[in-house]
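Asks: Chains as they are written, first to last, in the UniProt record's numbering: chain A, 1 to 257; chain B, 1 to 401.
One thing to keep in mind: the hints can contain errors.
Sample of chain B residues facing chain A (criterion: CB under 7 angstroms; computed from the structure) [stated by the list, open to error]:
hint: 1; residue: GLY41
hint: 2; residue: GLN50
hint: 3; residue: ARG113
hint: 4; residue: LEU185
hint: 5; residue: LEU255
hint: 6; residue: HIS263
hint: 7; residue: LEU345
Partial chain B-side listing against chain A, Cβ under 8 angstroms, derived [claimed, not checked]:
hint: 8; residue: PHE43
hint: 9; residue: ASN49
hint: 10; residue: ASN125
hint: 11; residue: PHE130
hint: 12; residue: ILE134
hint: 13; residue: GLY145
hint: 14; residue: ARG154
hint: 15; residue: LYS155
hint: 16; residue: GLU343
hint: 17; residue: SER347
hint: 18; residue: SER348
hint: 19; residue: PHE350
hint: 20; residue: ASP351
hint: 21; residue: VAL353
Worth flagging that the hints you see were computed from the coordinates, not collected in a lab. Don't be surprised by glycine CBs; every beta carbon is placed ideally from N, CA and C.
The primary structure of each chain is shown beneath.
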Amino acid sequence: MSCSNDQPDMNRREFLGKSVVAATAAVVAPGVMLTVANAASDEGASSAVRWGLLIDTNKCADGCSACVDACNKENGIDLMQRPTGQSDEMWNAQRPQWVRKVKLRDKQTGEISNLPMMCQHCEHPPCVDVCPTGASFKRADGIVMVDRHTCIGCRYCMMACPYKARSFIHQDVAEQLTGTPRGKGCVESCNLCAGRIDAGHSTTACQDACNKDGHQAILFGDLKNPDSAIAKALKAESSHQIRADLELNTGVRYTNI
Amino acid sequence: MIKTQYRELYCSSPRYWGGLASLAFIILVGLGAAFHMEHNGHFVTGMSNQIVWGLPHVFAIFLIVAASGALNVASIGSVFGGPMYKPLGRFSGLLAIGLLAGGLVVLLLDLGRPDRLIVAMTTYNFKSIFAWNIILYTGFFTIVGLYLWTMMDRKFEQYKRPVGFAAFFWRIALTTGTGSIFGFLVAREAYDAAIMAPMFIIMSFSYGLAFFIITLISAYWWAGRTIGDLRLAKLKNLLGVFVGAVLYFALVYHLTNLYVTQHHGVERFILLDGGVYTNMFWIGQVLIGGIIPLFLLYSPAFTTSRFAIMVASLLVLIGGFFQVYVIVIGGQAYPMNLFPGKEVLTSSFFDGVVASYTPTIAEALLGIAGIAVSMTLVAIGSRMLRVLPESLEDPADGECI
């Protein structure tokens, strides 16, 4: 008995085969797409580089605050308003300071040195170790920063940081820059101008300002690239890590200290 | 042996509701203070980028440490088999839960972003001792809750011992975690010491028991029930041992630091010329929290004086509060030594100078509200549950040893 119907003339084996191929493609394709997308975003923070700073304290001028001012402008810190009635001392203790100038005198020799202090971008950052939510993190390229979406404002990272490099936002933020989101109740610190670097710049705001003033005390670059200016300078002269005893392998190094 | 009868804590309505209303008022004021700090930001507090943890943390840590210690009485009863402590087990569990809840409320409301509690509960960095503590705290509620259940429900009595053991080990882990919050801070000279963990454990024994004695005597006074002298004497003698042990640990901690040249500065600061912190250490921690309570607890003149026991317990708590204050605030106030061998001439960020901290009233009100939260939970719990024996009269001869 012949049977005619409107079903496509499809071999059962062929049908199964095609279904398996289609299903496999449906499962694998998004994964491939994701991997491709990820590969593209990896270019922003690659572990092939490690960003760092070299600071020549001999060139850091007494009384100069060009780097601090530039940092404040670059990251919208200068947009912060002092709350009414707040004393100078409390304002200095509570306002964010990503970079600060420190003047030192050697207790034995009396030698004076000036230097900027900021987040030292440790290879083994204590702030990242202690952060309960993982908001404090280290990028593949060595930049240590805070994810302000997951920071709960517990300030444990500030307790743990050996360099006092972190600031808590103590007040409402009226104005801010899109490149540097800021929120009351979260912690922040120097991120080596991550936004600029990701956009393809090769210098930080502090370095530009220092160079502009003719001091050239700050050098930014890739510590892993042996041909970079910073790697060559580090190879040529002896440099120090602050609190080297903690063996955090800082990304910020100092000469002549 | 006489069977212990437990009964809900009944007392005259005006006395109970009046007490609860006062506690509720304190909590409301504290919530107002927390709102004030959160709404304006922490600039309205004395805290800063120099002193990042302030008075609320002192209250919170004090209560959390005391919470795990308050469970000791139950542990002695069911883990170590002390018959005199057995009838007190249920109340001990309730107090432990109450104190921990009070401490955590303060800790939470002092966060920069308390609204992100859900982030803290769902996103963990397991290398952080703080993240471990979040698990330890929630686990403590669960285990002590189960422990209370096994103590109160005859059907589950056979699980009392294993759950009691679990609770005991959990509480040791919890206080180890709390102490390690400071012990693991390598950067600051006052911390970075493994002894912090066992020291916090012994502090918890002492504060927890002092809280227990005060709340127990108050509850029995509130409800017009009686406590036997012998039982109180046992608690009192145990408190004395713990107070002595806290002093011993403080001594070892400071002696160790004094041996290390690098730490001479911070020791000099705490022990000699730290101003308010030195006073708090010697007068608050050592004298008020140690020597005077020891005298009150062991002097033959006060053998059966309940007033002396109450005062001694209260002083242990006051001294303990000072001790936590010196650890938390004093440890931060002393400057970190970023540049050994150098003197800081100028810095806009207070490098090399002692950080100043003046707590504000709002911070204190939030902390006090934490204690009120604990006491409210204990008051409601004792009223709703059968945690307190009808009578704690001393048993007849031979039953109690």
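Asks: Determine for every hint whether it applies to the structure shown.
Replies: Now the hints, each set against the structure:
1. GLY41: holds, 4 angstroms
2. GLN50: holds, 5 angstroms
3. ARG113: holds, 4 angstroms
4. LEU185: holds, 6 angstroms
5. LEU255: LEU255/B check fails; min Cβ-Cβ to chain A is 23 angstroms, beyond 7 angstroms.
6. HIS263: At 13 angstroms from the nearest chain A Cβ, HIS263/B fails the 7 angstroms test, so the hint is violated.
7. LEU345: Holds, about 4 angstroms.
8. PHE43: At 4 angstroms from the nearest chain A Cβ, PHE43/B passes the 8 angstroms test, so the hint holds.
9. ASN49: holds, 5 angstroms
10. ASN125: holds, 4 angstroms
11. PHE130: Given a least distance of 4 angstroms, the restraint on PHE130/B holds.
12. ILE134: This interface hint holds because 6 angstroms falls under the 8 angstroms limit.
13. GLY145: violated, 24 angstroms
14. ARG154: violated, 40 angstroms
15. LYS155: violated, 39 angstroms
16. GLU343: holds, 5 angstroms
17. SER347: holds, 5 angstroms
18. SER348: holds, 5 angstroms
19. PHE350: Status holds, d = 7 angstroms.
20. ASP351: Since the shortest Cβ distance to chain A is 5 angstroms, the answer is holds.
21. VAL353: violated, 11 angstroms
When held up to the earlier numbered hints, the structure conflicts with 5, 6, 13, 14, 15 and 21 and fits the remainder.
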